[in-house]
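Trainee: Turn these sequences into a full structure, and let the hints steer you where they fit.
Protein chains: 2
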Amino acid sequence: MKQILIASTSTVHNSGYLEYLLEALKIHFKNIDTVLFIPYARPGGISHQDYTEIVQTAFSKINKVVKGLHEFDDPKDAIESAQAIFTGGGNTFVLVNQLYKNDLISKLKTSIESGTPYLGTSAGSNICGLSIGTSNDMPIVYPPSFNALGVVPFNINPHYLDPDSESTHMGETRETRIKEFHKFNSQPVIGLREGSCLKVKGSKIVLIGSLKARIFEKNKQPYEIETGADLSYLN
Amino acid sequence: MKQILIASTSTVHNSGYLEYLLEALKIHFKNIDTVLFIPYARPGGISHQDYTEIVQTAFSKINKVVKGLHEFDDPKDAIESAQAIFTGGGNTFVLVNQLYKNDLISKLKTSIESGTPYLGTSAGSNICGLSIGTSNDMPIVYPPSFNALGVVPFNINPHYLDPDSESTHMGETRETRIKEFHKFNSQPVIGLREGSCLKVKGSKIVLIGSLKARIFEKNKQPYEIETGADLSYLN
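Chains as they are written, first to last, in my numbering: chain D, -4 to 230; chain F, -4 to 230.
Source of the hints: derived by calculation from the structure; they are not laboratory data. Be aware that one or more of the hints could be misleading.
Derived DSSO-like pairs (lysine-lysine); straight-line CA-CA distance at most 30 Å [to be verified]: (1) 62(F) <-> 174(D); (2) 178(F) <-> 102(D); (3) 178(D) <-> -3(F); (4) 96(D) <-> 96(F); (5) -3(F) <-> 96(D); (6) 62(F) <-> -3(F); (7) 71(F) <-> 178(D); (8) 59(F) <-> 96(F); (9) 96(D) <-> 213(F); (10) 96(F) <-> 213(D); (11) 194(D) <-> 102(D).
Mentor: In structure tokens form, the structure reads like this:
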């Protein structure tokens, strides 16, 4: 049974790395000693090792050991034998590119679908969707494909931002961009605000956190869903 | 001799489409009757025809006829025989994808390098750089490559935004993103603020408009350049 936590962000304002999630992670990673960390998204271009150490510091607070995927000779084998997996944020293009390079996409999908508890934040959440076509990131590397894991039947837009009516900037709002996405793609998109998560248990997908989420379906007006809502109707 | 105008945006706050550029365009497109418009970036997913009509309305004010590239049976031929070319903004991925689909990248590059006056705004400016790797757009379609025209020896970041110290949002600033780009790429990046343009005449590249631009070179602190500065030292 799938057990996935898809978080908009790793860090909310005025709080430490992963801090707001720790209570939820105690439950999500209950009975697990060691979490396999996928550091490929390299926020700010930091090394896999440095990133893994940051994650270890956070997970120590809930008594978990963290192993970075880069520490293994055979990353496929590491994913297959992982007790639990966490993919951190950073740049989604860099993340996906490295997953393809190491031929890990289908291995990771299989592992998550067969029930290995998974946590994603930001880019690590983005890849749970059907494609990375609703990423907010800068396309700093060219990956072999935009197709992602598809462990949920829609796309994620993490760090979802409401339009700022005060802005004089002529760039598009997030809503405009997602509507544009639907001129070329048909899957629904979940705009996940910072602090919000999707909790997937088997076929059930529930919004958690204190905020609403914004749902974009092709040829429909975008609408809000309340925390606690079941999203399994979307596909 | 190259004659290129690379504008950060088509539209500044409280002004009509292309309005702030019209005086400069009178000079840039002097002695030209007809401008070939490349409508491929499709802002908001609008049709090529609708987009071309918007552009025609603006160019009528300086007595230019606009022909949309989609109106021609042979787009390669249309580019080759164009008196002048304008590529409008929208989504950079959609634009580049369509240019590759129609096998127009090298044709357009040749045309610009051989002296056909060119105007780009936003996505149409982005493609003047070496790659679209510093686009701000959402990757709503997967193009065959991120390589762009390379008619200037660096990358463009249009709609450049300074960090907002008031923001509580945990997404990366533009500066952070461009620094991240330099972990994986070596070309300089010009952060062009809204209202700014680069004017290319042969090998000379000058910043025009009232604002400074921000220059990012790999392994250097980013720095500002004044309007009027010559950027031809960058490569």
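Trainee: Which of the listed hints are broken here?
Mentor: Of the numbered hints given earlier, those the structure breaks are 3 and 5, listed in rising order.
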